[in-house]
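Asker: One-letter residues, chain by chain:
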Amino acid sequence: MSADRRTLAPFGRRRVPIVDRCEYGSYVVLRCLDEAGPAPRPGQFYMLAAAEAWGGGEGERPFLPRAFSVLRATPESELHFLLEAVGPGTKRLGALAEGEELWLAGPFGVGFAPPAEQRRPLLVGGGVGIAPLAIWQDELGLDATVLLGFRDAAHAEGAAVLAEARLATDDGSVGHRGLVTDLLIQELDHTDDARAAVYACGPPPMLEAVRALCAERGVPAQLALESGMACGYGACFGCVVPTRAGYVRLCLEGPVLDAELLETALIPGTGHG
Amino acid sequence: MSVRFCGIELAHPIINGSGTFDAIAARRAFGDTLLDEFPFAAFVSKTVTVEPRQGNPPPRLWEVAGGLINSIGLPNKGLDGYLAQDLPELARLPVPLIVNVMGFTREEVARLVAAFAEREEVAALELNVSCPNVETGLIMGADPRETAALVTRVRPLTTKPIVVKLTPNATDPAAVAAAAEASGADAVSLINTLRGMALHPRTREPWLGGRTGGVSGAAVRSIALAQVSAVANRVAIPVVGMGGVQSGGDAADVLDAGATLVAVGTESFRDPAAACRISRELESLDRGQARPPDETPKQ
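Which chain is which? The protein sequence lines are A and B, in order. Per my numbering, the first sequence starts with residue 1, numbered consecutively. Per my numbering, the second sequence starts with residue 1, numbered consecutively.
Quick caveat, the hints were computed from the structure, so don't treat them as lab data. These figures come from a predicted structure and were not determined experimentally. Just so you know, even glycine gets a beta-carbon here, dropped at the ideal spot from N, CA and C.
With a cut-off of at most 20 Å between alpha-carbon atoms, the simulated SDA-like pairs for lysine to any residue come out as follows:
id, chain 1, residue 1, chain 2, residue 2
1, B, K77, A, G246
2, B, K77, B, P57
3, B, K77, A, V248
4, B, K77, A, P242
5, B, K77, A, A245
6, B, K77, B, R92
7, B, K77, A, R244
8, A, K91, A, E157
9, A, K91, B, P201
10, A, K91, B, A65
11, B, K77, B, E89
12, B, K77, A, T243
13, B, K77, A, Y247
14, A, K91, B, V64
Among chain B residues calculated to face chain A with C-beta under 10 Å, some are:
id, residue
15, T20
16, F21
17, A25
18, A29
19, F30
20, T33
21, D36
22, P39
23, K46
24, G67
25, G209
Derived list of chain B stretches under chain A, where covered just means 3 residues or more per stretch with a C-beta under 8 Å from a C-beta of chain A:
id, region
26, 69 to 78
27, 266 to 275
Generate coordinates for the entire structure from the input sequences, incorporating the hints supplied.
Answerer: Have a look at this one:
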């Protein structure tokens, strides 16, 4: 894996302050100041835990840190993360306020690879999975076409973290009524397949639809996957995903994988919260 | 804080539990800083089996209150792959290497022990006895006679220290430890994970791909301490204690229960450098004062 897709992490975890918290409908964006850490590559991720009340000693859940693809990194050493409160870990993180602190380790894993020359990047995101597409859009610029899908209007407010996105919602309250893959088919129909490169992150059924569509049309795709992980750096062997080359640890070989490595993007065991 | 363990000089008493830290993978994530700040006084590698194993199907993890259940299934490259690919990398670590092995028959374990018997990169061997002997159907480490037969079989094969990693899923781990000692084991380590299960929130089927898994983390600390104490009171050979250790105070508890070394496992998932912090905290504790005045500190 090329070195420019992996920034090495400082060894250990760091205690960093939250400098801002804002809500976008159903989502929360946490901004923290990571002055001791390096700049991540788009698609890399961090392991986050609240510095207080997170499995300390007598611990209830949450106990393990949670993996989050970085939403955005600023030149001022801010790291932004997008989260939705769906379980004990994301609820605790989402309740953090400015001035409170996080434990953070990373950046981990390998991020997106740039498109081959002449290929136009199509960024396809679903739900909270839009996060790594924002930092990737920051790097690619506005040449990238952004297609985002959400459940409803409250979730679609999350689209504000990217620029100039076309939207789809399940209930039709915002944008196209239907799936984001409907928008992807429209875009590919208007683009020569040989000139497109797809980057996708979202729930497993969406990623599987993108994978199958791109395989059928011969369009290269990179998928940012999720898998429950305890450590983020290859220690626990918990985050394996099945690939054509057998099980691979997503934290080391991913989270961004070439779609052609996968027979399916329906990875078991995601969304434990 | 230096300590002698089976004739091996260690800088401090904190090591890792087998299968809870992959030094080769960690070097890919953190670079060579890992070697400069290596957290463990000795490194115990992940279980090696004769044949390669891809491990259990996902999902492999489930978080519980104060811990997790894992069902990893001992993925490894097999003996040949370990010797060719992993051992040369692990030999470059700045600390002694303890190789953990597991076989499904006594002859498989014997083959693994023999393969490492003369390797100068290897300081000691640890036997994972938490699996069934397919010939007898008994868990090798759950029955004292089964454990004695295994240790008797492999003891003549090497002069290196043999550590027996005990399972807590046994009626009487101290009796198993005594059988290992009487058969020539140089040390015992405990606890391995406790069997546990979680159901899928919707389907009500087992969540883990391997159906059941092993519980670790803070949740098992008190159970581990009781088992370490029982074993240390029963045997004269050194004990490596582990189970839910998250702080220097927890490590001191394990040492004061009779262990010579303390292994850190699940806490390294929460904090990659946890063992560095635990060593520092342990060193800062004034542990000499805590002992009764007539008790000679252990070596």
